[in-house]
Amino acid sequence: MIKASNVTKIFTGRGQVVRAVDGVSAEIAPGEVVVIIGPSGSGKSTFLRCLNGLEQFSDGHIVIDGVDLADKKTDINKVRREVGMVFQQFNLFPHKTVLHNITLAQKIVRKRTLKEAEEKARQLLVKVGIGEKESEYPSRLSGGQQQRVAIARALAMDPKVMLFDEPTSALDPEMVGEVLDVMKQLAKEGMTMVVVTHEMGFAREVADRVLFMDAGKLVEEGAPEQIFSNPRHERTQLFLSQIL
Amino acid sequence: MNPDNKTWRAKLLLAVILFGMAAGLYGATLKIDYTWRWNRVPQYFVYKNEELHKAPFDGRVGKITRQGETAVIELIGDAGEKDRVTVDADAVEVSEDDLLFEGDTLGATHQWRLGPLTLGLWTTLWISFFAGIIGMVLGLITGLCRISRNATLRGLAVTYVELVRGTPLLVQIFIFYFFVGTVLNLDRIVAGIAALAIFAGAYVAEIIRAGIQSIPKGQTEAARSLGMTATQNMIHIVLPQAFKRTLPPLAGQFISLIKDSSLVSVIAITDLTKSGREVITSTFATFEIWFTVAALYLILTGILSQVIAWMERRLAVSD
Numbered sequence: 360m361i362k363a364s365n366v367t368k369i370f371t372g373r374g375q376v377v378r379a380v381d382g383v384s385a386e387i388a389p390g391e392v393v394v395i396i397g398p399s400g401s402g403k404s405t406f407l408r409c410l411n412g413l414e415q416f417s418d419g420h421i422v423i424d425g426v427d428l429a430d431k432k433t434d435i436n437k438v439r440r441e442v443g444m445v446f447q448q449f450n451l452f453p454h455k456t457v458l459h460n461i462t463l464a465q466k467i468v469r470k471r472t473l474k475e476a477e478e479k480a481r482q483l484l485v486k487v488g489i490g491e492k493e494s495e496y497p498s499r500l501s502g503g504q505q506q507r508v509a510i511a512r513a514l515a516m517d518p519k520v521m522l523f524d525e526p527t528s529a530l531d532p533e534m535v536g537e538v539l540d541v542m543k544q545l546a547k548e549g550m551t552m553v554v555v556t557h558e559m560g561f562a563r564e565v566a567d568r569v570l571f572m573d574a575g576k577l578v579e580e581g582a583p584e585q586i587f588s589n590p591r592h593e594r595t596q597l598f599l600s601q602i603l
Numbered sequence: 206m207n208p209d210n211k212t213w214r215a216k217l218l219l220a221v222i223l224f225g226m227a228a229g230l231y232g233a234t235l236k237i238d239y240t241w242r243w244n245r246v247p248q249y250f251v252y253k254n255e256e257l258h259k260a261p262f263d264g265r266v267g268k269i270t271r272q273g274e275t276a277v278i279e280l281i282g283d284a285g286e287k288d289r290v291t292v293d294a295d296a297v298e299v300s301e302d303d304l305l306f307e308g309d310t311l312g313a314t315h316q317w318r319l320g321p322l323t324l325g326l327w328t329t330l331w332i333s334f335f336a337g338i339i340g341m342v343l344g345l346i347t348g349l350c351r352i353s354r355n356a357t358l359r360g361l362a363v364t365y366v367e368l369v370r371g372t373p374l375l376v377q378i379f380i381f382y383f384f385v386g387t388v389l390n391l392d393r394i395v396a397g398i399a400a401l402a403i404f405a406g407a408y409v410a411e412i413i414r415a416g417i418q419s420i421p422k423g424q425t426e427a428a429r430s431l432g433m434t435a436t437q438n439m440i441h442i443v444l445p446q447a448f449k450r451t452l453p454p455l456a457g458q459f460i461s462l463i464k465d466s467s468l469v470s471v472i473a474i475t476d477l478t479k480s481g482r483e484v485i486t487s488t489f490a491t492f493e494i495w496f497t498v499a500a501l502y503l504i505l506t507g508i509l510s511q512v513i514a515w516m517e518r519r520l521a522v523s524d
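For the record, the sequence lines run as chains A and B.
Counting from 360, one number per residue, gives the positions in the first sequence under my numbering.
Counting from 206, one number per residue, gives the positions in the second sequence under my numbering.
If you are wondering where the hints come from, they were derived from the structure by calculation, not from laboratory data.
Bear in mind that the values here come from a model prediction, so they are computed numbers and not experimental data.
A few of these clues could be false.
[Stated by the list, open to error] Here are a few chain B residues that sit away from chain A, every Cβ distance over 10 Å (derived from the structure):
| no. | residue |
| --- | --- |
| 1 | F224 |
| 2 | E255 |
| 3 | V342 |
| 4 | Q418 |
| 5 | E426 |
| 6 | R429 |
| 7 | I504 |
| 8 | V512 |
| 9 | V522 |
| 10 | D524 |
[Claimed, not checked] Which chain A residues face chain B? A few, computed with CB under 7 Å, are given here:
| no. | residue |
| --- | --- |
| 11 | N411 |
| 12 | L413 |
| 13 | Q415 |
| 14 | K432 |
| 15 | R439 |
| 16 | Q448 |
| 17 | N450 |
| 18 | F452 |
| 19 | A464 |
| 20 | I467 |
| 21 | V468 |
| 22 | S494 |
| 23 | Y496 |
| 24 | S498 |
| 25 | L545 |
| 26 | G549 |
All C-beta atoms in this analysis are idealised placements derived from N, C-alpha and C, irrespective of residue type, glycine included.
Kindly produce the complete structure, drawing on both the sequences and the hints.
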C-alpha cells in the first residue's frame, strides 16, 4: 500500500539545516494499522505529512498504491483523494455546517451529486455517533465531536489509507475515549491506518506494528508486545520508561 | 449602583454635551449676522417646472373645455387653421373669443422635476457604486497576486499598491483626467470612476491580503488533504472566511470611497459636492447648502454601514 524508502526532509532557515526526517524507510501493507511513537521533535508528524505531500520531502521515494510522489508528473491532488488525513487541531471549516464540511470535497473533488454526498455524510455521521449534529456549526461542538466530524469528513472520500496526526492531543481527557473508539472501529473494519499518537494504550491494543522514531530516524520497529515489553534499543527503552 | 442607573447618567451627559455644542453653533452664527434661509433649500431637491404654451398663429380662442385638472383650449386661426392646446386648469391665461397673435401666452403646465442636489446625490451614488465594484475586483486580484508564489506578480502588486498609496488621490484624478484620459480618449466620468477604483483597489488589496494571511494554515492543509486544488481551496475555504474577517475594514474603505468621490468634482463631474457649489453660486445660502450636502453624504454612508452591519450579523451565525 505504502512504500517509503530513504525519505529525508531537510528544513533550512536562518543558516540552520535541520534534518527533520532522516532516511526513513517503511512499508505498510493493506489493512495494516501502524502506530508511530517517539518524543516530540522526532520527525514523526513530518514523516506522516510527507505521506500525502503536505510536506515535500527533500530526498527518497514514497510510493502509494503504485504512484510515486517524488515523480514530477504525479498529480498530488489525485493521490490525496485516496489518502485521508485527520489533524491534531481538527481543522474543520468553521464557516460551514457539519454536513457541508463533509459534503464539500465529495462534490467538488469526487464530483458526486449533492444527494449522494449528503447520503454518504449522514451515514458516516451516524457511524461516528453524532448523527443529530449535521446542521450545527463546528464552533458549537465539543473537541471530541469536532474530531469525529473530521474523521467522517476524511472517510467520506473513500480513502484507501487514513493518516492520523496526533488526533487526541488537543482534546480534553474525557473526550479522548470517544475518538479512540471510532478509530478502533475503523481498524477492526480493515482500514489501512498510520497513526502518530502518544496514546500507548491504543498502540498496544490496536496496532499491528509500532515504529519508534527519534531525531528524524526510524530507531526501532516491531509488534506492539515486543516494543512495549521488550524494546531492543536504548533510546526506545528510555522513551518508554519516561512515559509509561 | 445598578448598571441601568449608570448608563442613564452617561446618556444624559451625552445629550447635554451635544445640546451644548448645537447651542454654541447657533450662538456663533448669531454673532456673524448671518440670515438662515433654510426655506430656499427644498427647491433644489425637487421643484415644480413651469412650461408656457404660446399661440402658434394669429386668430382667436375657440371653446375652452375644463376637465378636472386640465383644460383644453381650441384655437381658430385667421386662415382657418385649427389647433388644440392642453394646459393646467388653474393656469389658463385666455378666455373664449379672445383675439390672439402668434406668441401670446395661452397658459402653462407644471411638472415636478428633480433639482441639482438630487441629481448630484444620484451621480455620487452610482460613481461610488461602480468605483467600489471595480475597486473590489481589482483589490481581490491584487491581493491574490501579493501572496502569489510568482515573484513577478508579487512585484507588480507591490508596485501598484505603493504607487497608489504614496500619492494623493486628487493628483491621481488629475493625472487620470489630463494624461490617461487624453491618451486613451476617456470620458471624464470614466476617468473619474477609474481613478477612484484604482485608488480603492490598492487599499482593498492590502485588506484582502491581511485577511487571507489571517486564516490558519490548517484550513488549507485540511482542504488540500481532501484533494482540493489550490484554487478550490481559495474559493471554498479561504476566501469566504477571509471575507468575513475583512468585512469591517472593507466597510471603512467603501465609506471612505463615497466621501473621496467628492474629489471628482475637480474634473467637472457634477456630483453632490459640485452640485452644492453650483447651488451656492445662485442662492448664496452657503451655510445651509454645505450642511445639507454633509447630511446627504452622511445618509449614504449611514445606509452603507447599516447594510454591512447586517451582513456581519448574518455571517456571525457560524461563530
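* Failing hints, ascending? -> Of the numbered hints given earlier, those the structure breaks are 5, 6, 9, 10, 13, 14, 22, 25 and 26, listed in rising order.
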